[in-house]
Amino acid sequence: MKFSIQVSEGPYNHESSVTAINFVKAAVEAGHDIFRVFFYHDGVNNGTNYATPPQDDMNIQKTWSELAAAHDIDLVVCVAAAQRRGIVDEGEMTRNKKDGMNIMDGFRISGLGQLIEAGIESDRLVVFGD
Amino acid sequence: MSILHTVNKSTYERDTLEACVRLAAKGGSVLLIEDGVYSAMSGGNKSSVIENAKDLSFYVLGPDIKARGLGEDRLIDGIKVVDYKGFVELTVSNDSVTAWL
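Same order as they appear, the protein sequences are chains A and B.
So that you can map any letter, position 121 of the first sequence is 121 in the numbering used here, and since no number is skipped, the others follow by simple counting.
So that you can map any letter, position 88 of the second sequence is 88 in the numbering used here, and since no number is skipped, the others follow by simple counting.
Check the hints yourself; a few may be wrong.
[As the list claims (entries may be wrong)] Okay, derived cross-link-like pairs now, BS3-like style, lysine-lysine, Cα gap no bigger than 27 Å in a straight line: (1) A:K2 / B:K54; (2) B:K66 / A:K62; (3) B:K54 / A:K25.
[To be verified] Not the full set, but computed from the structure, chain B residues with beta-carbon under 8 Å of chain A: (4) N8; (5) V88; (6) T91.
[Stated by the list, open to error] Over the 10 Å line for every Cβ pair with chain B, so calculated as not near, a few chain A residues: (7) S8; (8) K62; (9) R124.
Treat the hints as calculated values from the structure; they're not laboratory data.
Every residue, glycine too, gets a C-beta built ideally from N, C-alpha and C.
Just need the whole structure built from these sequences, with the hints factored in.
See below:
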């Protein structure tokens, strides 16, 4: 079965980012495909590579990146939410004249249409948030 | 058309479980996750919400019970404990999933 996931809560906030990661891992283990993970609202903070959590703590952003690489998962950050919260890729850096970019490997910035498409293309859309 | 409802906050914090149970169609399933697992305990402030909802099936995420040091022996009668594999299976066996945020 084809799944898409929406994450609407930031990492290290409550628990939803980790719940979503655990769900994705379990779905992949059961043989399902993850079509896309869409990060919305504070969820876009899952896509920064500027975070440095303590080494004995879970690195949520890196875990997403590794999951995406291992299972070919499309990680999409909502552009409007990203602009408000300072998640920047090369295109955003150029367009908005920023000094640097902080998008994590495996993530890309795009629009809300990607969430709509995920809902249409997937058998199930599962939402995690606050 | 069956729906899996997920509730992730306790009845001490939000009224999402009450809203979910009030509006869920007969035969639906409710999965309590994250702080929502507090609502699965008997003797809670809103235990009757689940106890009186005979038309719905209730599940609770085992790892989230364990993370909070709660005992499965304190669960309201009839609630089934699932792991993440069971969570995925519930999303497959139902036609769609609604998160009560």
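For a quick check of understanding: which of the numbered hints are violated here, in increasing order? 1, 3, 7 and 9
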